[in-house]
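**Q** Sequence:
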Amino acid sequence: MTDLSDAAEEKKVMIMRNEKQIMKQNDAPAGINIILVCRIALLGVCVWCVCKIGVSVVSVVGIYILIRSVLKIIRLSIKVIFSLLSIIFLVAVIAIIIAFIL
44 MTDLSDAAEE KKVMIMRNEK QIMKQNDAPA GINIILVCRI ALLGVCVWCV
94 CKIGVSVVSV VGIYILIRSV LKIIRLSIKV IFSLLSIIFL VAVIAIIIAF
144 IL
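Just so you know, we're using my numbering here: the sequence shown kicks off at 44 and counts up by one.
To be clear, the hints were calculated from the coordinates, so they are not data collected in a lab.
Virtual Cβ for every residue (Gly too), placed ideally from N, Cα, C.
Hints are not guaranteed to be accurate.
Pairwise CB distance ranges, derived in the manner of DEER restraints [to be verified]:
1. Phe-132 / Ala-51: 52 to 62 Å
2. Asn-61 / Ile-96: 28 to 38 Å
3. Lys-115 / Cys-89: 16 to 26 Å
4. Leu-79 / Arg-111: 15 to 25 Å
5. Leu-85 / Met-57: 40 to 50 Å
6. Val-100 / Val-136: 20 to 30 Å
7. Gln-64 / Ile-144: 47 to 57 Å
8. Leu-86 / Ala-135: 42 to 52 Å
9. Phe-132 / Ile-83: 38 to 48 Å
All chains should be built: construct the whole structure from the sequences, respecting the hints.
**A** What follows is the structure, given as structure tokens:
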């Protein structure tokens, strides 16, 4: 009697593992599809706004490049600031360790 119940229990466990593995495989493409749809929708809204305003394509591309460059400069400056802060912190920690040793 216990052999049958053990076999049935093992079968249930295997089925649950297979279902969990299938769910993991299906999750990644769903997330990618959602991101892709959001990007396409945002692009559609931007194209609609450009058509309504009547701005030329060259100016839209120029504004896009300008905004992208400004954001890259801001990101770079933040990285530099955090790098300097980390160097200052490491120097302070080393100074404290040396002060306690001597």
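**Q** If a hint holds in the structure, say so; if it does not, say that too.
**A** Verification of the hints:
1. Phe-132 / Ala-51: 52 to 62 Å: For Phe-132 and Ala-51 the Cβ distance comes to about 59 Å; the hint holds.
2. Asn-61 / Ile-96: 28 to 38 Å: At 54 Å between Cβs, range violated.
3. Lys-115 / Cys-89: 16 to 26 Å: holds (20 Å)
4. Leu-79 / Arg-111: 15 to 25 Å: Holds: the Cβ-Cβ distance is about 20 Å, inside 15 to 25 Å.
5. Leu-85 / Met-57: 40 to 50 Å: Since Leu-85 and Met-57 have Cβ atoms about 44 Å apart, the given range 40 to 50 Å holds.
6. Val-100 / Val-136: 20 to 30 Å: violated (54 Å)
7. Gln-64 / Ile-144: 47 to 57 Å: holds (54 Å)
8. Leu-86 / Ala-135: 42 to 52 Å: This hint holds: roughly 48 Å between Cβ atoms.
9. Phe-132 / Ile-83: 38 to 48 Å: At roughly 44 Å between Cβ atoms, Ile-83 and Phe-132 fall inside 38 to 48 Å, so the hint holds.
Consistency note: the structure conflicts with the earlier hints numbered 2 and 6.
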